[in-house]
Structures are given as C-alpha cells and as structure tokens.
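Modelling step: build the complete structure from the supplied sequences, incorporating the hints.
Protein sequences appear in the order of chains A and B.
Per numbering that gives the first Met the number 0, residue 0 is the first one in the first sequence, and the count goes up by one each step.
Per numbering that gives the first Met the number 0, residue 0 is the first one in the second sequence, and the count goes up by one each step.
None of these hints come from the bench; they were simulated from the model.
Quantities reported herein were computed from a predicted structural model and do not represent experimental measurements.
Just so you know, not all the hints are guaranteed correct.
30 angstroms max Cα-Cα, derived BS3-like pairs, lysine-lysine [claimed, not checked]: (1) Lys132(A) <-> Lys203(A); (2) Lys239(B) <-> Lys225(B); (3) Lys239(B) <-> Lys135(B); (4) Lys12(B) <-> Lys132(A); (5) Lys12(B) <-> Lys151(A); (6) Lys260(B) <-> Lys290(B).
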Amino acid sequence: MTDRISQPPTVRLQNVSFAWPGQAPIIDIQELTVNPGETVFLAGPSGSGKSTLLNLIGGLILPQKGDVFLGDLTLSSLSGPARDRLRGDRIGFIFQEFNLLPYLSVEDNVTLPARLSLLRRRRAQEAFGSVQKSAQALLTGLDLEESLWSRKVTALSAGQRQRVAAARALLGRPPLIMADEPTSALDADHRLAFVDLLLSESRKAGAGVLFVSHDRSLADRFSVSLSFSSLGLKQSDNYTPAEAQK
Amino acid sequence: MSRLQSLLILAAKSAWNRRGTLSLVLLSVIVSTVLLLGLERLKTQVRQSFVRSIAGTDLVIGARGSSLQLVLYAVFHLGGASNNMGWDKAMEISQYPEVAWTVPISLGDSHRGFPVVATDENFWSRYRIRRDEPVKIIQGRAFEDLFEAVLGSEVAAGLGYKTGDSIILSHGGGERPRAHDDKPFQVVGILAPTGSPVDRSLYINLASMEAVHIDWRGGAPLPGFKVRAEDVRKFNLTPKSITALLTGLHNRRQVFSVQSKIQSAQGEALSAVLPGVALDQLFQLLGTGEKVLLLVSALVTVTGLLGLAATILAGLGERRRELAVLRSLGARPLDVVILITLESLWLTVLGILAGAAVLTGILIFSGPFLLTHYGVATELTGPTGREWLIAGGILLAGLLAGLGPGLRAYFFSLNDGLNRPV
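Structure (structure tokens):
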C-alpha cells in the first residue's frame with residue numbers, strides 16, 4: 000500500500016475547466032484522481048460532459064484552464080503526437096458500444112493495441128511470451144471460449160463484444176482502464192457479471208479503473224464512488240475510500 | 000512490425016471487408032490500366048512490326064511521288080498504286096557499284112483479298128525481315144516456272160491451301176475484281192510465319208505477272224484477243240515496268256549519295272526513299288491519333304479514380320466510429336490520413352497488377368487474330384520504360400485520389416476525437 004501511495008496518481012485532474020467554443024463550460028472539475036490500482040466509479044447522467052472528460056483524459060483536447068496529469072506527465076506540456084502516443088501506451092478505453100473493428104477477428108481486435116503501441120506490445124510479450132498468448136489469456140479470463148477467437152466480431156452477442164473490448168483494453172497492461180457506460184447495451188443479469196469480470200481482470204493486471212456510468216447500482220463494486228455533479232467541489236468532500244467503508 | 004506495416008495490414012483488411020463495393024471501383028482501375036498500357040503496347044508493336052518488315056532494305060526505289068505512299072505500297076501493300084518505274088531503269092540501278100542487291104516488286108493483282116507480289120529469285124536470297132532473317136519456305140519450294148505461286152503463311156492457313164492446289168488470281172484488288180481464270184496458278188510452296196506483310200502475300204515470278212497480262216491492256220482484257228496459257232511462252236515475258244525496286248547497299252553509309260544519284264539521274268524521274276524516314280513520317284501522322292486515344296484513356300482513368308475517391312469518401316461516414324476506436328488506441332490524426340489513403344493506394348496497386356495480367360491475357364489470346372487481320376505481331380515482352388512510367392502515373396493519380404478522403408478523415412478525427420457519431 001505504501002508502495003502505491005509513493006507513486007504519482009495514474010490520472011489526476013486539477014482545477015480543470017473546458018468549454019466548447021461559444022458555449023458555457025461543460026467541464027469544471029476541481030479535482031479528480033485515480034491512484035494506481037484504484038477502481039473509481041463516476042456517476043453521471045448523459046449530457047453531463049462524460050465524453051468531454053474522456054477526450055480530456057485521452058489528451059485529444061486540452062482544457063482552457065487547469066492541468067490533466069497522466070502519471071508523471073502533464074498533458075498540456077506535450078505535443079499532439081506525444082499525447083496520442085501516451086494515450087495508446089497508458090489508457091485502455093472501453094466504450095458504450097462499437098468498440099471493435101468489424102473487419103478483424105476477435106483475436107485481431109484484442110491484439111490491436113500492440114500494433115499501435117510499442118510499449119504495450121513489449122509488455123504483452125513479456126507477460127505471456129507473445130502478444131497472441133497474452134490476448135488468449137485475457138480472452139480466457141473474460142470467459143470467451145476458444146471457439147470464438149477466430150470468429151468475426153459481428154457474429155458475437157453484445158455481452159461477448161463488450162468482454163472482447165475489455166480484453167483489448169487490458170492487453171499490454173496499461174495503467175488506466177477508462178470505461179464509458181460499457182454496460183448500457185447489456186441486460187441487467189450481464190451487467191454485474193461484466194463489471195465483476197472487468198474489475199477482477201483489472202486487479203490482476205494492476206490497472207486503475209475509471210468507470211463512468213449513470214447506473215448507480217454498479218457503484219458498490221468499486222473502491223471509490225463519485226458523482227459527476229459533485230466534482231466541482233473538492234474531491235475530498237465526497238471522497239469515500241474503500242478502507243473507510245469497511 | 001512497424002507502424003506503417005500495421006496500417007497497411009489494417010487498410011487491406013478493412014478494404015477486403017468492403018470488397019463488394021470496392022470490387023466495382025477496382026474494375027474501373029483495371030479497365031483504365033488495360034486501356035493505357037494496351038494502347039502503349041499496341042503502338043509500340045505496330046511501329047516495331049513496320050520497322051521490322053523493312054529493316055533489311057536500304058532504299059525503296061519507285062516512280063517519283065510521295066515517299067510514304069511508295070513505301071507503304073511496295074513493302075506493306077497498303078494504299079493504292081503509284082506509277083510504275085521502267086524495267087530498264089531498274090536493271091541500270093542494279094548495276095551501280097554501290098548496290099549489293101535488288102529485289103524487284105510488281106503489284107496489282109490479288110487472290111481473295113491477299114495481294115500478289117511478283118518478284119524474282121533475289122527475293123529468297125536477299126530480302127531480309129528484321130535485321131537478318133531471310134524468308135523461309137517450310138513446305139514445297141520456291142517458284143521456278145510460270146504460273147507457280149508461293150503463299151505466305153496466313154494466306155495458306157486462312158484459305159486452307161497446300162502445295163499442289165490450283166488457284167486463280169484476280170486483276171486488281173477491289174470487291175469484284177476480274178479473274179485471270181484462263182491462267183490458273185499452282186501452289187508450289189508455303190512460307191514460314193514472319194510477323195510481317197510477307198505472311199499475307201502470294202509470290203509469283205515477274206514473268207508470270209507478265210504472262211497473265213499478255214492479252215490485257217489498260218486494266219481490261221483485249222477484246223477478241225486471247226492467248227492461251229500454253230502459248231504464252233512464245234512471247235517475250237520480260238516485264239516492261241515494275242512497281243518498285245528494293246535495294247541493299249554494300250555500305251549503308253553510302254545511302255545518301257546513292258539516293259541523290261538516283262533522284263538526279265537523267266531520264267525517268269524516280270524516288271529513292273530511306274524506309275526509316277518514310278516510316279517516321281507515318282508515325283508522326285499516327286502520333287496525332289495516338290495522342291487523342293491517349294487523352295481519352297487518360298480521361299477514363301481520371302474518371303475511374305474519381306469514382307474510387309467518391310466511393311471511399313461515401314464509405315467514410317460509416318467508418319467515423321472505426322476511426323474513433325483507432326484514435327483511442329493511440330493512432331495519430333496522421334495515421335488516420337495514411338490509413339484511408341493507403342486504401343486507395345492498395346486498390347490502385349491491385350488494379351494495375353490485375354490490369355497488366357488482363358492485358359497479357361488479351362495479348363496471348365488475340366495475338367493470332369491481330370497477326371492474321373492486321374499483320375501486327377504482338378510479342379510478349381516485359382514492361383518497357385514508358386509502360387513503367389504509365390503504371391507509375393496511374394499509381395500517383397491513385398495516391399492523389401486517396402488524399403481527398405484521407406484529408407476528410409483527418410478533419411473527422413480531429414473533430415470527433417473519441418466521440419463516435421452514429
């Protein structure tokens with residue numbers, strides 16, 4: 000534990016304000032932190048600026064005010080291509096739907112991060128000997144049987160597709176998994192199962208998780224639960240560490 | 000595996016996934032390639048086969064007139080007859096010290112559309128196709144006597160003749176020529192294919208030509224005067240005139256001095272033509288037509304590539320979500336441009352390769368037809384320098400066509416970020 004605390008936060012937003020041109024600020028966050036290995040639930044209805052937050056953390060846009068830190072780096076100090084590279088190296092995204100490239104097989108979708116990020120390729124190779132074996136281990140961990148691996152992703156159910164997306168996000172052990180409503184296309188039974196699988200695999204990989212959803216019923220699975228509307232306040236105001244809950 | 004390799008593979012897999020739509024676009028690239036390369040190939044081959052037929056001859060001599068017309072008629076049997084030249088003049092030139100050999104050519108008759116060429120035995124020993132290939136007889140023998148004919152390979156194959164067959168010549172070459180049916184010829188030999196006008200001609204000796212016309216004057220039989228075939232030997236069968244004299248010199252460098260000697264000689268006005276110069280005139284004439292064809296083919300190519308760009312552009316809207324996924328995985332906006340542009344590049348490369356293959360197939364299958372009907376020998380050679388240039392041009396145009404969709408994808412990816420509009 001002390002070891003983790005000595006490391007810089009996986010992601011940290013400080014006094015971040017962002018407005019699209021000619022509009023009122025859609026993001027106004029005093030502080031948002033995900034520490035290494037921490038799993039954070041962020042509740043927010045649609046229209047609350049979730050996708051803007053995603054783009055800010057991913058470094059696709061820069062805030063007008065404040066700073067976004069990924070580990071030891073400040074995004075605003077980096078060039079566009081450097082931010083692109085950092086995103087590929089350090090963040091695994093899972094979206095609401097359409098995570099996968101329809102023209103690739105299940106396995107090729109999972110190994111995609113290794114094609115674009117050298118770091119994640121190397122890590123995937125180190126972990127299981129090869130990128131392919133890493134992908135297969137993740138697919139197995141996420142309950143996707145071998146007969147599906149070479150299939151086209153279009154042949155899968157919504158639940159299976161989200162698990163493939165999770166495997167892809169986890170490949171090459173990025174320090175942060177960023178999920179945007181990943182369960183909204185799933186029925187109630189599968190939602191909890193998906194979240195539990197995602198969290199246990201993330202824990203195995205040592206990744207921090209920032210999970211954005213309007214579905215508060217999932218919140219108790221996470222070590223930290225936050226609300227989007229309250230982020231304008233000091234984060235410590237509604238900060239409920241997992242330890243304190245016990 | 001480099002980033003570019005990854006993008007190449009992704010672009011190829013993505014394109015393969017949409018192969019239904021893209022195959023039509025591919026088809027237009029293939030058609031463009033076949034047109035452009037085919038035109039270039041045909042042009043080269045036509046020129047080669049012209050040059051080849053005349054390569055061994057230094058001067059073509061005939062009555063004064065258009066040098067191009069003389070060469071086309073005397074060597075390729077194309078176009079109409081110019082005036083004849085006197086036989087005595089031909090004999091005189093053949094005695095020039097610079098002249099190594101002469102082959103007299105007398106034209107005018109035909110057999111079922113194929114020209115009949117009257118010549119002498121020098122034709123066998125002296126006439127050369129390409130630089131140094133004599134005409135070879137593959138069946139039978141050369142003509143020796145009156146009313147003996149040797150057939151070019153296509154004449155024999157096309158009309159199904161063999162040695163020993165009897166044939167009737169026609170006067171002139173029109174639609175309904177009058178027949179020399181009182182003096183039939185016997186096929187005594189058949190020539191090997193040469194890929195030149197020789198294949199489409201019948202060869203007889205000059206005396207035979209004289210003999211069939213012994214009772215004709217001014218293109219018509221003399222009324223009330225008939226000479227039977229058995230009786231022609233009683234007449235003097237030395238020709239009075241011939242169409243042209245093909246001439247070879249001992250030393251090619253003397254060609255201009257011999258030319259001016261012939262053209263400035265006293266008496267009958269003659270033309271002595273360097274066949275290469277006349278063919279250059281012809282190629283210049285053809286050049287205009289070729290340019291028009293090239294322009295049309297280039298427009299077809301541009302249209303095809305615009306279609307390619309339009310198709311990729313139209314599909315881009317649906318792929319915005321795909322681009323957002325790639326962006327989330329660390330793809331730079333530049334990678335997106337490359338990915339989309341590569342698609343057009345892949346299709347163009349594929350189209351050029353397939354087009355070249357189709358063209359080769361067409362040349363293989365239509366080769367015999369082109370040879371038979373147009374006397375153009377199509378040889379299967381590797382791509383020439385100009386063909387590489389054309390292929391490179393198509394490729395470059397394909398790349399440019401891909402840049403349009405590529406740039407649009409760039410702005411999509413900048414605007415969309417990770418948002419995925421549905």
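Taking the hints in turn, this is what the structure says about them:
no.: 1; hint: Lys132(A) <-> Lys203(A); result: holds (16 angstroms)
no.: 2; hint: Lys239(B) <-> Lys225(B); result: holds (20 angstroms)
no.: 3; hint: Lys239(B) <-> Lys135(B); result: holds (29 angstroms)
no.: 4; hint: Lys12(B) <-> Lys132(A); result: holds (22 angstroms)
no.: 5; hint: Lys12(B) <-> Lys151(A); result: holds (12 angstroms)
no.: 6; hint: Lys260(B) <-> Lys290(B); result: violated (38 angstroms)
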